[in-house]
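Going down the list, the sequences are from chains D and U.
Here numbering that gives the first Met the number 0 is used: the first residue of the first sequence is 0, the next is one more, and so on.
Here numbering that gives the first Met the number 0 is used: the first residue of the second sequence is 0, the next is one more, and so on.
Mixed in with the good hints, there may be bad ones.
Stated by the list, open to error - In the DSBU-like style, the derived pairs of lysine-lysine whose C-alpha atoms are separated by at most 30 Å in a straight line are:
{"#": "1", "chain 1": "U", "residue 1": "K133", "chain 2": "D", "residue 2": "K101"}
{"#": "2", "chain 1": "D", "residue 1": "K107", "chain 2": "U", "residue 2": "K16"}
{"#": "3", "chain 1": "U", "residue 1": "K16", "chain 2": "D", "residue 2": "K5"}
As the list claims (entries may be wrong) - Per the computed footprint, the stretches of chain D lying under chain U, defined by three or more beta-carbons under 8 Å from a beta-carbon of chain U, are:
{"#": "4", "segment": "176–186"}
{"#": "5", "segment": "190–199"}
{"#": "6", "segment": "301–307"}
Calculated directly from the structure, the hints in this document are not laboratory data.
Heads up, the beta-carbon is just placed ideally off N, CA and C, and yes, glycines get one too.
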Amino acid sequence: MAGRNKWISLGVLALLIALLPLFFPSGYYYRVGALIFVNALSVVGLVILIGYAGQISLGHAGFAGIGAYACALAPEHLGLHPALAVLLGAVVSGVMAALIGKPILRLKGYYLAVATLGFGILVSMVLTNERALTGGPDGMNVADLGLRGLLRDMGWRLSGGEFWYMICGVVLLIGAWLALNLFDSPSGRAMRALHGSEVAASTVGVDVPRQKLRAFVISAVYASVAGSLLALQNGYITPDVAGFMHSVEMVTMAVLGGVGSVLGATFGAAILTLLPQVLTVFAEYEQLVLGLVMVLVMIFLPQGLLPSIARRLKGRDE
Amino acid sequence: MSLLEIQGLGISFGGLKAVNDVSFKVAPGEIVSVIGPNGAGKTTLFNMISGVYQPGRGSVSLNGRAVTGVAPHRLAEMGLSRTFQNLQIFQEMTVLDNVLAGYHLTERGSVWADLLSLPGMKRRAAEARSGARKLLERVRLDKAAEQVAGNLSYGALKRLEIARALALNPNILLLDEPAAGCNAVETEEIDHLIAELAASGIAILLVEHDMKLVMRISNHIVVLDHGEKIAEGDPATVSRDPAVIAAYLGTEEEEPAHADG
Chain D
0 MAGRNKWISL GVLALLIALL PLFFPSGYYY RVGALIFVNA LSVVGLVILI
50 GYAGQISLGH AGFAGIGAYA CALAPEHLGL HPALAVLLGA VVSGVMAALI
100 GKPILRLKGY YLAVATLGFG ILVSMVLTNE RALTGGPDGM NVADLGLRGL
150 LRDMGWRLSG GEFWYMICGV VLLIGAWLAL NLFDSPSGRA MRALHGSEVA
200 ASTVGVDVPR QKLRAFVISA VYASVAGSLL ALQNGYITPD VAGFMHSVEM
250 VTMAVLGGVG SVLGATFGAA ILTLLPQVLT VFAEYEQLVL GLVMVLVMIF
300 LPQGLLPSIA RRLKGRDE
Chain U
0 MSLLEIQGLG ISFGGLKAVN DVSFKVAPGE IVSVIGPNGA GKTTLFNMIS
50 GVYQPGRGSV SLNGRAVTGV APHRLAEMGL SRTFQNLQIF QEMTVLDNVL
100 AGYHLTERGS VWADLLSLPG MKRRAAEARS GARKLLERVR LDKAAEQVAG
150 NLSYGALKRL EIARALALNP NILLLDEPAA GCNAVETEEI DHLIAELAAS
200 GIAILLVEHD MKLVMRISNH IVVLDHGEKI AEGDPATVSR DPAVIAAYLG
250 TEEEEPAHAD G
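Build out the structure end to end from the sequences listed, making use of the hints.
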């Protein structure tokens, strides 16, 4: 059952990624699409943390910041290839997550939310204030990945938008595949079990703090890779990527789409990424709208948009 | 040889001795029941034995190893499994996934195998799945396997918890009021199941309010009142014990004793 659902979810996602460009009125929409995929990637990470393991983080943008600035700084200062910088960012984020999570996740309750809130603000402050290294609030340039030039030499000409649309789409598919594998695996079951009842999970042999830490580290790596992709495709990065509002945006996307479902998370990311593109006035009221969306979803669609719609459709069938 | 040995176990909550100086033993294949009026400390005792609470005093040993205050997941590795009086079901998961969670210790592997869905993980999960289906058949929930557990009836959830506890392949099983809220037929089924498990060599420690069930299946009964052991012995001895009768029915002399305590 679960195995079939996995391939359906992945198939739907792959089809959407492949067919959507047919409807793009202009090349600009490749950029929007790539942005959706990047946001969806970090939200899939949050599905693992919030949806599977039931833990909340309000500082995931901090990991996106680490991933983004790894791609900006490592090629310049360490002479690392940008692709390896993505890996470096992921490793640093994973280690940071382990260091923060290990003491915090032994405690019951929402201490993780508070600790990650502090962590996110800390990262964002460092990136803003270390002007000599990061250029401060003005941001800094990010080296080119170099892959597009390589493809051009091989005779495959892609615009920047098309190229990043493709890369981000593929990475999102890989991220979704890993998350769906995890769902129906021993670790995923242990995470979902402790979400349901920590005491029962521990009496069936689940090392609860350890499984929570796993979910936290994995989701941090997702956010980090998403941050790296954002930096690389824009060629430019500012500390906003690590800002508190970005963290809240991620959680809102996850909650809106349906925090237990990978496909739903992608849907939530798509809606909240598109809104400011479609309604330019939205930009001014972004914080207001995010808060409103969060409150309304919690009251009317606690399962999230996609699972609620799916349930209603199913109910009609029966 | 005893499998579980409890020596002088006690715990206090804010100065109140919830359980005080309780000792007894459980041997393999033996059914030991803990009975007593409401608030006697039975569930608290279970929580200390299973590592959910840290005992304030005394010791627990399992298979001759001191395990006082050891975390529940470590006790699970040593073969101790339990159910809960107030159901602790993974509500959002399917019935099958609930039992599969009970196979955690045998199906777990590296997180990489889980993320990448490697063949080793698939093989372990498939073995667990076939075991889980057999257990669901045993508690007559095989038809509900793909349902979300939260949709099941109370009696079915009780059986699901037993199936999940059995998935650990325990050598000692703690059952906290398995028959509570069950009708006569369901109670009889649980009765048979417990007897069967004990016959297969599993030690059973049982908390139960259904006295007919307790008297019928127990080899040994421990009676608690106000956190203290007031009697112990085989069912016939315990049911004639004046202290036990007093605890259950109350006596004139008992009242001042409480005021002093």
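Comparing the hints with the structure gives:
1. U/K133 to D/K101: Not OK: U/K133 and D/K101 at ~38 Å, beyond 30 Å, violated.
2. D/K107 to U/K16: Holds, at about 25 Å.
3. U/K16 to D/K5: violated (52 Å)
4. 176–186: holds (count 7)
5. 190–199: holds (count 7)
6. 301–307: The restraint on the segment 301–307 of chain D is violated, since only 0 of its residues have a Cβ under 8 Å from chain U and three are required.
In summary, the numbered hints that this structure violates are 1, 3, 6.
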